[in-house]
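Model the placement of chains B and C with the ligands on the given structure of chain A, informed by the hints.
Protein chains in written order, with my numbering: chain A, 223 to 554; chain B, 223 to 554; chain C, 223 to 554.
Watch out, some of these pointers could steer you wrong.
To be verified - Calculated pairs, DSS-like style, for lysine-lysine (alpha carbon to alpha carbon, straight line, at most 25 Å):
1) C/LYS265 x B/LYS418
2) B/LYS402 x B/LYS261
3) B/LYS396 x B/LYS525
4) A/LYS437 x C/LYS465
5) B/LYS418 x C/LYS437
6) B/LYS525 x C/LYS437
7) A/LYS391 x A/LYS437
Simulated from the structure, these hints should not be mistaken for laboratory data.
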Amino acid sequence: EAPTKIGEIGVEANVKDLERVSQKLVNPPFLPEHDQVAKGGPKVVQVVMDIEEKEIEIKPGVFVQAMTFNGTNPGPMMVVHEGDYLELTLRNPLTNTMTHNIDFHASTGALGGGGLTHVAPGQQTILRIKCDRPGVFVYHCAPGGIMIPYHVVTGMYGALLVLPRDGLKDNNGKSVTYDKVYYIGEQGWYVPFDDKTGKYKRYSSPIAAMGDTLKIMEGLNPTHITFNGKVGALTGDNAMTAKVGETVLFLHSQANEDTRIHLIGGHGDLVWPGGSFNNTPTVDRETWSILGGEAGAAMYTFKQPGVYAYVNHNLIEAVMLGALGHVSVEGE
Amino acid sequence: EAPTKIGEIGVEANVKDLERVSQKLVNPPFLPEHDQVAKGGPKVVQVVMDIEEKEIEIKPGVFVQAMTFNGTNPGPMMVVHEGDYLELTLRNPLTNTMTHNIDFHASTGALGGGGLTHVAPGQQTILRIKCDRPGVFVYHCAPGGIMIPYHVVTGMYGALLVLPRDGLKDNNGKSVTYDKVYYIGEQGWYVPFDDKTGKYKRYSSPIAAMGDTLKIMEGLNPTHITFNGKVGALTGDNAMTAKVGETVLFLHSQANEDTRIHLIGGHGDLVWPGGSFNNTPTVDRETWSILGGEAGAAMYTFKQPGVYAYVNHNLIEAVMLGALGHVSVEGE
Amino acid sequence: EAPTKIGEIGVEANVKDLERVSQKLVNPPFLPEHDQVAKGGPKVVQVVMDIEEKEIEIKPGVFVQAMTFNGTNPGPMMVVHEGDYLELTLRNPLTNTMTHNIDFHASTGALGGGGLTHVAPGQQTILRIKCDRPGVFVYHCAPGGIMIPYHVVTGMYGALLVLPRDGLKDNNGKSVTYDKVYYIGEQGWYVPFDDKTGKYKRYSSPIAAMGDTLKIMEGLNPTHITFNGKVGALTGDNAMTAKVGETVLFLHSQANEDTRIHLIGGHGDLVWPGGSFNNTPTVDRETWSILGGEAGAAMYTFKQPGVYAYVNHNLIEAVMLGALGHVSVEGE
Ligand SMILES: [Cu+2]
Ligand SMILES: [Cu+2]
Ligand SMILES: [Cu+2]
Ligand SMILES: [Cu+2]
Ligand SMILES: [Cu+2]
Ligand SMILES: [Cu+2]
Ligand code: NA
Ligand code: NA
Ligand code: NA
Ligand code: NA
Ligand code: NA
Ligand code: NA
Ligand SMILES: [Zn+2]
Ligand SMILES: [Zn+2]
Ligand SMILES: [Zn+2]
Ligand SMILES: [Zn+2]
Ligand SMILES: [Zn+2]
Ligand SMILES: [Zn+2]
Ligand SMILES: [Zn+2]
Ligand SMILES: [Zn+2]
Ligand SMILES: [Zn+2]
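With the rest of the complex left out, here is chain A (with noise of 0.2 Å):
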């Protein structure tokens, strides 16, 4: 078995002295329980994730061969503050077939941690990353040449937060805080489509499935587009939940086609540019961008109870292609 590699990017010799406290990742759209102000200085936040590929159900009958962080696509949102270190080990089980590594959007050089953590099959990787930029950030698998997109288009990719120390603000500069937090992670797939059988192709992993699914990545036009994995994965029993009166912080990413956010029936009080906190957030938005490559925050007080639709505003692509949520507002 090979050792585990260890790899650091703008990580300053006290990090040693630090206090370390681990971070047990949850399934999106949940958040790790946090502090939205930090409590004491700067540490080193400790969390694991293992790389799994498997076939998922994205729509019931159709399937793909996906590789995702932690077994969920998107993988699980990570929570830090600013000026702490994010330190990962990364894990990819024998049972997978494929180098994989990760690249921090969040981090500085070496490829956003890219270039220090390719693990094969069998291997481990330990990276730790100073988190100094205030804002949510992309984090995928970026192996190399073709390999890059096609694993993020089959899943793999996830978001880190890095809140500010002393919390959120608003566009005046009043500190803002949030009763809930959601994580909602867009994901375009490119399945191929079996003419003669009139059903989507499903194949027997992930390097099976490769070239078809080239094919029909070179046309740009995603077949589906979930949040969170599967189509009505926030919908019905799984719908996001509000009180009357609460605030929610909406994170939302997109690895790869740029997307434009709505929430029918509500706004964006506070949308960040570039989901950046350290930018004055921009207020009364009906619909809000999140580029490809890119995730971003928009917080909402819900002021009527009932059900709201949170959507990709390109309706084709909300009701057909599938990137629609719900949020349920209890309340009077």
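Relative to the frame of chain A, chains B and C with the ligands by itself:
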């Protein structure tokens, strides 16, 4: 005949004491008569719209079984001030074949009014909404499921302008006024093509067109794009006009696809993020973004006479698909 | 031979009294020699460009009958200061086959100069424009009708940098300077494919290529995307370079399709909305938008040595279609 349903969202108890004014809607690119700075206190602004399903010729020889608010694409711009209430009477004549509704991005709760306004042919509905955020916002039909994208991409949307009570402000917080205002509604169309005849297909009703149209929609690329319902609706004799020295406010909306607006020979002197007027406008823009599901606002003072082209600056979409208008500017 | 036509837009009476300087244009990604802070008063900056229609190999074995300003795609970046005049001599040699012109997004009136500059093969034209808004702006050929998108998507565009007289400012209004500046011109290409030979088609002239190319354009999805005219034009031996501690200004343009820029391992420390320098720059951006018909500006100070990838973060467009460059950073 069913009784008129009345829906209210965000409406306070004192609304019955407010002054009521009736606003006569006009066809885009024009706006109803209005004051830029509000006179007196909040009002209830009453408007009436008739839904009209009708075949329209979006380009010579190319026909769509369209759905419209008030017979035009886009539907009419309504104008209120922040703090006013909009009271819409929406009528669905018996000559129509489908149930419709209306979702205002400007409003709060109840799916933007969509949950309160379903009207079958022969019915009418009344909706009161409070307009508490200044900006320009899309409204559209959203009757549920697959009918949401289908009604929207066959033309059923418009916009609502909510002016600040004290008018618009520039990037330095100084009041600005416009001499003219135009409303441009961009629309992507998905028209099936008949390989045998070499012509775009023509259908007898929205339902007859639906199956083929959905197949084109699924491909995500529109076959035609118009400004105000027809290629050429804003060129030649129908060009927008201005005089040298005049300041023009251009309101632009897209209900489904992203676009990028450029005024050939001019600029966006002031462009408000998201078309929301509590944001500091950006300046000196060569091109500005309008997302799918967004209405935006850009202001320009003309300095030179001549013809200006107002385009979606994907120049294929402008010239080949149709997303192009003209501004004819007189003076010296 | 036709006499030289001289066009002027926004030019004041005293222009004849101003100092005149000649600027030698260079091939992208480089910029002409220039001062970041202007020395002395407004000047007339004289540049000369030759239009060149030529076949270019955008990828090994893939050829386009391109149209170019000065023989490169993109055309050269010109550099002036706010308040300067640009005086362009545009020559269309007899070796070309088509009439061309030039539209500067930086200028005002006369279709950005497009209305004053039509030049047939064997002619030249002179255009003077006043550069009164700081920012980076696209210029492109726009000869009319279908030739507008055709000339643009076959390569005929570039950009003009209008620096504030006192240089750039950060988000706090503090002066910032760059150690290096690069100009990346992104270009979507629409190359017809021959199913029989399994190869992209090659044509003998722009006119010969036009019919087939328009059919691909109509589909709205480019087949190839390049940074600076050829896949690999900015990688390997041609990579952009920097040293640790250096601040680099990246100017990026797209004349037709939207893009989203990310620096793998780096960030946008400062990204100006619309590439216009009178706007407060946003900070800490992982990815930033460049619209079709827009040039933008992002500044980054390199902190770590190594190779950085500069990409359109639709990773399919980056890796499969070609929109990718490298920055090689030396130091410790
Ligand atoms: Cu991967
Ligand atoms: Cu809506
Ligand atoms: Cu409708
Ligand atoms: Cu132009
Ligand atoms: Cu040209
Ligand atoms: Cu990256
Ligand atoms: Na990065
Ligand atoms: Na972000
Ligand atoms: Na809304
Ligand atoms: Na808006
Ligand atoms: Na312009
Ligand atoms: Na620009
Ligand atoms: Zn991987
Ligand atoms: Zn590597
Ligand atoms: Zn990335
Ligand atoms: Zn309807
Ligand atoms: Zn309903
Ligand atoms: Zn909507
Ligand atoms: Zn030309
Ligand atoms: Zn002309
Ligand atoms: Zn242009």
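Status of the hints after comparison with the structure:
At most 25 Å may separate the alpha-carbon atoms for a hinted pair to count; C/LYS265 and B/LYS418 exceed this at roughly 62 Å. Of the supplied pair hints, the one linking B/LYS402 and B/LYS261 holds, its CA atoms being roughly 19 Å apart against a limit of 25 Å. For the hint pairing B/LYS396 with B/LYS525, the CA-to-CA distance comes to about 21 Å; that is within 25 Å, so the pair holds. For the proposed pair A/LYS437 and C/LYS465, the alpha carbon gap of about 39 Å is over 25 Å, so the pair is violated.
Proximity of B/LYS418 to C/LYS437 is assessed by CA-CA distance (about 18 Å); at most 25 Å being required, the pair is judged to hold. Restraint check for B/LYS525 and C/LYS437: not satisfied, since their Cα atoms lie roughly 38 Å apart, outside the 25 Å limit. Between A/LYS391 and A/LYS437 the alpha-carbon distance is near 45 Å, which puts this suggested pair outside the 25 Å criterion.
Checked against the numbered hints given earlier, this structure breaks hints 1, 4, 6, 7; the rest are met.
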